[in-house]
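*Asks:* The chain contents come next:
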Amino acid sequence: MNKTISIDPVTRIEGHGKITLHLNDDGAVDNAYFHVTQFRGFEKLIDGRPFREMPAIMARICGICPISHLSAAAKACDQILGVGIPKPAVKLRRLMNLAQIIQSHALNFFYLSSPDFIMGMDAEPETRNLMGVLKKNSQIAHDGIMLRKFGQEIIETFAGKRIHPDWIIAGGVKTPIKKENIDKFLKQIPDVLKAVTRNIEWFKIQLPKFKDEIKTFGSMQSLFMGLVNDNNELDFYDGKLRFVDHTGKAVGEKIHPNDYRTYIDEHVEEWTYLKFPYYKPRGYPEGMYRVGPLARLNVAERCGTELADKEFIEFRGMSRGAVLSSFHYHYARLIEILYAIEKIEILGNDPDILQKNVRAEAGVNNSEGIGIVEAPRGTLIDHFKVDENGIIQWGNLIIATGNNNLAMNRSVLQVAKHFVKGDKLTNGMLNRVEAVIRAYDPCLSCSTHAIGKMPFQVELVNSEGFVIDKLNRS
Amino acid sequence: MSKVRIKTLKIDDRDVGAREDQTILEVARDNGIHIPTLCQLDGLTNLGGCRLCLVEIKGSNKLLPSCVTAVEEGMEVSTNTERLQKHRRSIVELFFTERNHVCAVCVSNNNCELQNLAKQVGMTHVHFPYMYPALSVDATHDRFALDHNRCVLCTRCVRVCDEIEGAHTLDVRGRGIEAYIITDLEQVWGESETCTSCGKCVNVCPTGALFEKNKSVAEMKKQTKFLPYLTMMRGARR
Chain A
1 MNKTISIDPV TRIEGHGKIT LHLNDDGAVD NAYFHVTQFR GFEKLIDGRP FREMPAIMAR
61 ICGICPISHL SAAAKACDQI LGVGIPKPAV KLRRLMNLAQ IIQSHALNFF YLSSPDFIMG
121 MDAEPETRNL MGVLKKNSQI AHDGIMLRKF GQEIIETFAG KRIHPDWIIA GGVKTPIKKE
181 NIDKFLKQIP DVLKAVTRNI EWFKIQLPKF KDEIKTFGSM QSLFMGLVND NNELDFYDGK
241 LRFVDHTGKA VGEKIHPNDY RTYIDEHVEE WTYLKFPYYK PRGYPEGMYR VGPLARLNVA
301 ERCGTELADK EFIEFRGMSR GAVLSSFHYH YARLIEILYA IEKIEILGND PDILQKNVRA
361 EAGVNNSEGI GIVEAPRGTL IDHFKVDENG IIQWGNLIIA TGNNNLAMNR SVLQVAKHFV
421 KGDKLTNGML NRVEAVIRAY DPCLSCSTHA IGKMPFQVEL VNSEGFVIDK LNRS
Chain B
1001 MSKVRIKTLK IDDRDVGARE DQTILEVARD NGIHIPTLCQ LDGLTNLGGC RLCLVEIKGS
1061 NKLLPSCVTA VEEGMEVSTN TERLQKHRRS IVELFFTERN HVCAVCVSNN NCELQNLAKQ
1121 VGMTHVHFPY MYPALSVDAT HDRFALDHNR CVLCTRCVRV CDEIEGAHTL DVRGRGIEAY
1181 IITDLEQVWG ESETCTSCGK CVNVCPTGAL FEKNKSVAEM KKQTKFLPYL TMMRGARR
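Protein chains in written order, with this note's numbering: chain A, 1 to 474; chain B, 1001 to 1238.
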């Protein structure tokens, strides 16, 4: 008799998701679905609004990465204005996006995922949380809090508040920054660098303990997408899109953000609110690609900063081609924190960022604008069309998590096939299925453009569609 | 010259003196007694439209708008009773439900009289269902835009355009819930032949309904204090 298992809701992720596992007559996993069960509709609610509201409205998509949403929308609006924005504004936007990468990555690695590494995948759920980490390895918990605070305070100091600021606007940023404020953060750089380096070393030692997970957590061939600069180095704010395949070979390069629609299309399935973007030249679902920290380190040829580049070489050395296991999103996340801190130091010492000219003024000069940035979870695309008065007529948003939808589904299947056996569910099984989702650090509320609470559920359903076992967490 | 008579009355149990041509609101303000207002703006004709300045007068069960009610000898006025507080909260809540006031992404966020009023009257929740009307934004004017979603129909813009600028470009069309602000004979603002682009309407608007087009979220700060001076200076010239 065929069965289905459903995990609803998925925990320690941002947003609401549910996983259904379909078992065959022998009790082995036949198929797996990751459903996103929330709907938001930002693409629709921006209709008829003035384009200058877009950055602030888009920021409301996410409380964790509002800066990326602000930046992508502001870049799209810059195109509507038809202006090149002042250099200081570009650098300030970059600085903010990097600060956000640090705080968001720290949230995923230390708060949400590290309990799995420290307590183990089979530990009791009540101990597998940040409080458990504090008891068992307080240094890691403190490092996590420090790194997140570092990123959040940069955002708060310059943009006015940590969550949903409206400082980044069409044409630049609202106000110039003060030297004493940037100096305050430059002083903290040695400490935060030490914290992240310490954790990279610690995590590398842990990796052998997770051999099974590395082998099965979405260890598969796929394409990878991300923004890189002209030297094929990491670029979180600007640059060109680059696609590489599992061997690490570029299959699409130097793609101008404005041409994204030639390369990316979206597929809709009726069992989830999250669309499935894919690499158009390869069709659906063969065009599956991954974005985010793992993808960015696969797409880039180097990071572009000294310490991160050393780690990058070691990271890419794990595999002959691209690093394929999604478990390594965690590792990549730490390297990106390191990179972001180094880059903030460089930008912080750049006199340009203290200049007063931070805003370009113009009217509506183009009827269309596209803005692409790298959000913590991957490439974020905002695309707007306006009438001659700047009123939004149409919008298309491809949110970072959405890009990973196909890969997340494939990864859940792989983990479930390996770990879920028979018709009885155990916590360890369930947690691994969730943990693979967590590796992607999905932000479901973002990607569906969510209403409701944030819990996770797994259901076991037989071939006639009856639920035979259910595990719930809230 | 006729003699101005003085009337004596009580406001919130305080004995106050007033000229006979003063309104209760004016006398209250002269004596440092605060009554919330929205449609009233110094320098424009009072209308009594928003009903926030309602007061209780002893001997009458009717609540009266203090901005258009003249003082009378021996009047006993209460400006802040529980009944009034409740009514004022309901009025402000209704303003929020009638149209689409999304403070977080509004140009006037943190600089909005409606927002301040909500704080002032202690509005914590909206107890009426939102109406979510589908309204447009007229951004056809070179410099300014009119967002009907944020309009509370206080008509300050209509009055300033007529009484101070003398253009009478703006007016109200329709009645009750169907009413909305129009320019000229309801053509789009950018095609208005009478608008002088003086910007007074934008500055007197208490919310983000009228704003400068180059302003982003929370950037629109209105200058509302200029009207009495403008009127005074014009009077002096004449």
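Check each hint, because a few of them may be wrong.
[As the list claims (entries may be wrong)] Mimicking DSSO-like on lysine-lysine, the simulated pairs with C-alpha atoms at most 30 Å apart in a straight line are: (1) B:Lys-1221 <-> A:Lys-87; (2) A:Lys-280 <-> A:Lys-417; (3) B:Lys-1215 <-> A:Lys-87; (4) A:Lys-310 <-> A:Lys-280; (5) A:Lys-174 <-> B:Lys-1086; (6) A:Lys-254 <-> A:Lys-178; (7) A:Lys-161 <-> B:Lys-1010; (8) B:Lys-1003 <-> A:Lys-174; (9) A:Lys-149 <-> A:Lys-280; (10) B:Lys-1119 <-> A:Lys-385; (11) A:Lys-178 <-> B:Lys-1200; (12) A:Lys-44 <-> B:Lys-1200.
The hints are simulated quantities; they were obtained by calculation from the structure and are not laboratory data.
*Asks:* Against this structure, judge whether each hint is valid.
*Replies:* Here is how each hint holds up against the structure:
1. Among the hinted pairs, Lys-1221 of chain B with Lys-87 of chain A is consistent with the structure: their alpha-carbon atoms are about 27 Å apart, no more than 30 Å.
2. Of the pairs offered as hints, the one joining Lys-280 of chain A and Lys-417 of chain A holds, with about 29 Å between alpha carbons and a cut-off of 30 Å not exceeded.
3. Taking the CA atoms of Lys-1215 of chain B and Lys-87 of chain A, the gap is about 21 Å. The hint holds against a cut of 30 Å.
4. A C-alpha spacing of about 34 Å is found between Lys-310 of chain A and Lys-280 of chain A, which places the hinted pair above 30 Å, so the restraint is violated.
5. Between Lys-174 of chain A and Lys-1086 of chain B, the direct Cα distance comes to roughly 39 Å. Violation of the 30 Å bound is thereby established for this hinted pair.
6. Under the criterion of a C-alpha separation no larger than 30 Å, the hint pairing Lys-254 of chain A with Lys-178 of chain A is inconsistent with the structure, at around 36 Å.
7. Restraint check for Lys-161 of chain A and Lys-1010 of chain B: the C-alpha separation of about 47 Å exceeds 30 Å, so the hint is violated.
8. Note on Lys-1003 of chain B and Lys-174 of chain A: the hinted pairing is violated, with a Cα-Cα distance of about 57 Å set against a maximum of 30 Å.
9. The hinted pair formed by Lys-149 of chain A and Lys-280 of chain A fails the criterion: a straight-line CA distance of about 40 Å is larger than 30 Å.
10. Annotation: proposed proximity of Lys-1119 of chain B to Lys-385 of chain A is violated, straight-line Cα distance about 37 Å (limit 30 Å).
11. For the proposed pair Lys-178 of chain A and Lys-1200 of chain B, the alpha carbon gap of about 35 Å is over 30 Å, so the pair is violated.
12. Proximity of Lys-44 of chain A to Lys-1200 of chain B is assessed by CA-CA distance (about 34 Å); at most 30 Å being required, the pair is judged violated.
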